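K.L.:
Read top to bottom, the protein sequences are chains A and H. Those letters in the first sequence? Residues 1 to 306, per the numbering used here, in order. Those letters in the second sequence? Residues 1 to 250, per the numbering used here, in order.
Where hints are given, some of them may not hold.
Pulled a few chain A residues facing chain H out of the computed Cβ check, cut under 10 Å [to be verified]: (1) Phe14; (2) Ser48; (3) Ala51; (4) Gly52; (5) Cys54; (6) Arg73; (7) Ser74; (8) Val81; (9) Pro83; (10) Leu86; (11) Pro90; (12) Glu96; (13) Thr97; (14) Phe105; (15) Gln146.
Read the hints as simulated data drawn from the structure, not as lab findings. Predicted model, so just to flag it, every value in this text is computed and none were measured. We put the beta carbon where it would ideally sit given N, CA and C, even for glycine.
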Amino acid sequence: MTFAVSIDRLEKRFGALLALGGVSFDIAEGEFFGLLGPNGAGKTTLISCLAGLCRADSGRLAVLGHDVVRDYRSARRLLGVVPQELVFDPFFSVRETLRIQSGYFGIRDNDDWIDEILANLDLTGKADTNMRRLSGGMKRRVLVAQALVHRPPVIVLDEPTAGVDVELRQALWQFIRRLNRSGHTVILTTHYLEEAEALCGRIAMLKQGRIVALDSTSNLLAAFAGQTLRVRLAPGQELPPALRVRGGYSDGTWTFQLASLGEIEPLLAELRLAGSRIDDLRLTQADLEDVFLSMMHGAGTAGARS
Amino acid sequence: MVGFRTLLYKEVLRFWKVSFQTIAAPVLTALLYLMIFSHVLEEHVQVHGVAYTAFLIPGLVMMSALQNAFANSSSSLIQSKVTGSVVFVLLPPISYAEFFLAYVVAAVLRGLMVAAGVLLVTVWFARPGLAAPLWILCFMVLGGGIMGGLGMIAGIWADKFDQLAGFQNFLIMPLTMLSGVFYSIHSLPSFWQQVSHFNPVFYMIDGFRYGFFGVSDVAPETSLAVVAGCFVVVSAATLLLLRSGYKLRT
Numbered sequence: 001m002t003f004a005v006s007i008d009r010l011e012k013r014f015g016a017l018l019a020l021g022g023v024s025f026d027i028a029e030g031e032f033f034g035l036l037g038p039n040g041a042g043k044t045t046l047i048s049c050l051a052g053l054c055r056a057d058s059g060r061l062a063v064l065g066h067d068v069v070r071d072y073r074s075a076r077r078l079l080g081v082v083p084q085e086l087v088f089d090p091f092f093s094v095r096e097t098l099r100i101q102s103g104y105f106g107i108r109d110n111d112d113w114i115d116e117i118l119a120n121l122d123l124t125g126k127a128d129t130n131m132r133r134l135s136g137g138m139k140r141r142v143l144v145a146q147a148l149v150h151r152p153p154v155i156v157l158d159e160p161t162a163g164v165d166v167e168l169r170q171a172l173w174q175f176i177r178r179l180n181r182s183g184h185t186v187i188l189t190t191h192y193l194e195e196a197e198a199l200c201g202r203i204a205m206l207k208q209g210r211i212v213a214l215d216s217t218s219n220l221l222a223a224f225a226g227q228t229l230r231v232r233l234a235p236g237q238e239l240p241p242a243l244r245v246r247g248g249y250s251d252g253t254w255t256f257q258l259a260s261l262g263e264i265e266p267l268l269a270e271l272r273l274a275g276s277r278i279d280d281l282r283l284t285q286a287d288l289e290d291v292f293l294s295m296m297h298g299a300g301t302a303g304a305r306s
Numbered sequence: 001m002v003g004f005r006t007l008l009y010k011e012v013l014r015f016w017k018v019s020f021q022t023i024a025a026p027v028l029t030a031l032l033y034l035m036i037f038s039h040v041l042e043e044h045v046q047v048h049g050v051a052y053t054a055f056l057i058p059g060l061v062m063m064s065a066l067q068n069a070f071a072n073s074s075s076s077l078i079q080s081k082v083t084g085s086v087v088f089v090l091l092p093p094i095s096y097a098e099f100f101l102a103y104v105v106a107a108v109l110r111g112l113m114v115a116a117g118v119l120l121v122t123v124w125f126a127r128p129g130l131a132a133p134l135w136i137l138c139f140m141v142l143g144g145g146i147m148g149g150l151g152m153i154a155g156i157w158a159d160k161f162d163q164l165a166g167f168q169n170f171l172i173m174p175l176t177m178l179s180g181v182f183y184s185i186h187s188l189p190s191f192w193q194q195v196s197h198f199n200p201v202f203y204m205i206d207g208f209r210y211g212f213f214g215v216s217d218v219a220p221e222t223s224l225a226v227v228a229g230c231f232v233v234v235s236a237a238t239l240l241l242l243r244s245g246y247k248l249r250t
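Please model the entire structure based on the sequences and the hints provided.
P.N.:
See below:
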């Protein structure tokens, strides 16, 4: 089977700093894949190695079976990258920028597709405006358009919604989702975990250049299954000793991890028996943020599965 | 080929869109040099039996072309590096040889346009003749190519604009100004004549001038050999640098 992206024992150092310490995983065609991790975890380095902006010290990377070093022309033709930095060439208009970018990929007379991308990204009215005169959000959309001029089957978005307002973020996601549904493989790095949770079918978490979790989003959430009950007692109230050992306390609130909803009733019954008065009671489901925080502060590779 | 052609087109469009700075300004500078030096020296100096103003014109044309060829590739690279837009040319499937050719050809073209401009505004002051036009073109293209390549090396090496300015002010400017643009090196004391023979730009200017007057300080074949040799060395160095990914693909 040919993977959209396959990464094999990828290592990269910058001087003494280990940016990537032997990362291996594959991404299947048509996946919506999330790459998460704190700043400096190695996400952008990994994407840069994939795009040929950065040279790996060892290990192999391939896009749809084409090695990114030995067969770089094919690999780069199959890959569309939206860089993290808001960069633009100040000499050109939006249309000129997209025509030039098409030419770099060996495509001439690409105006029909360019018009379609412009329409999809709501940029038609700005086609002849100089890049310098666009707002930040519009420049971001042009970056997305530039990554798509050559109709790449694999699209990488490196934190595309950083500093983007809610409306544009929603519009961008709708567009990217459509691309994914029409068969494009999408790889996304983001700091917005709710975004990754909503969009990505599978997620890899990176920490200090290593994979600490790799699984479907639903499995990752299920591993943290269950509910969290948060209880705030009335001032002066004490928790019965039997419950103290089960819960965690911070900021005046007790939290209890429950495997199922059935555990709520006995817990509340114990509180009632002890005569503890409750000020506030909240039940929440584990979200990706809980998973992420536990992975980043937790035991490291415990959750890694492929 | 489409990739190369597009990159070349982009590089030409880049300087053409700001041609007031990139072509008109150096033409004006050369015109000022000509007016001042010919005013002071026309009555007093003859070189190779040629009136000073006529002698000066080819030197100014070549000097302006060389400086602008260097400026073109170096400023384009440093600008796109500093703004980050260099990723747009690093992400596509463009080979390092295509990359090299596009930047160098664009640099040569800017050199040619500036040269044409300088010639156009200066021939009204004196006619330098046209003894061997093919030599003129040959030295212009090779000289522009060398400077385009050096500009790429400087643009890749420099991380900041002031580093590039240092390269330009302390290497390119002295080499071009002290290359015999304003004088025949035979008028120099013998020590400085010897020194001039180690300056490759001297051969570019001297060979270029031969194309106009049919006379020169050294044999034009010697100049051509030196200039062609420099072109090969600079091009090979630039290509090696690009292939290694130095500072572009970290």
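K.L.:
Taking the hints in turn, state whether each one holds.
P.N.:
Here's how the hints hold up against the structure:
1. Look at Phe14 of chain A: its Cβ gets to within about 8 Å of chain H, closer than 10 Å, so that hint holds up.
2. With 10 Å as the threshold, the beta carbon of Ser48 of chain A comes within range of chain H, its nearest partner Cβ sitting at about 8 Å, so the hint holds.
3. Against a cut-off of 10 Å between C-beta atoms, the interface hint on Ala51 of chain A holds, since the closest Cβ of chain H lies about 6 Å away.
4. Interface restraint check: Gly52 of chain A against chain H, minimum CB-CB distance 7 Å, threshold 10 Å, status holds.
5. For Cys54 of chain A, the interface hint holds, the least distance from its beta-carbon to any beta-carbon of chain H being 5 Å, beneath 10 Å.
6. With a cut of 10 Å, the hint placing Arg73 of chain A at the interface with chain H holds, because the nearest CB-to-CB distance is about 4 Å.
7. For the restraint placing Ser74 of chain A at the interface with chain H, the shortest Cβ-Cβ distance is roughly 8 Å, inside the 10 Å limit, so the hint holds.
8. Interface hint at Val81 of chain A: satisfied, since its Cβ lies 6 Å from the closest Cβ of chain H, which is below the 10 Å cut-off.
9. The criterion of a C-beta within 10 Å of any C-beta in chain H is met by Pro83 of chain A, whose closest approach is roughly 5 Å, and the hint holds.
10. With its C-beta approaching chain H no nearer than about 8 Å, Leu86 of chain A sits inside the 10 Å limit, and its interface hint holds.
11. For Pro90 of chain A, the shortest C-beta to C-beta distance to chain H is roughly 7 Å, which falls under 10 Å, so the interface hint holds.
12. This hint holds: Glu96 of chain A has a C-beta 8 Å from the nearest C-beta of chain H, less than the 10 Å allowed.
13. Below 10 Å, beta-carbon pairs count as interface contacts, and Thr97 of chain A has one with chain H at about 8 Å; its hint therefore holds.
14. At a threshold of 10 Å, the smallest CB-CB gap from Phe105 of chain A to chain H is about 5 Å, leaving the interface hint in force.
15. Interface restraint check: Gln146 of chain A against chain H, minimum CB-CB distance 7 Å, threshold 10 Å, status holds.
Every hint from the earlier list agrees with this structure, and none is contradicted.
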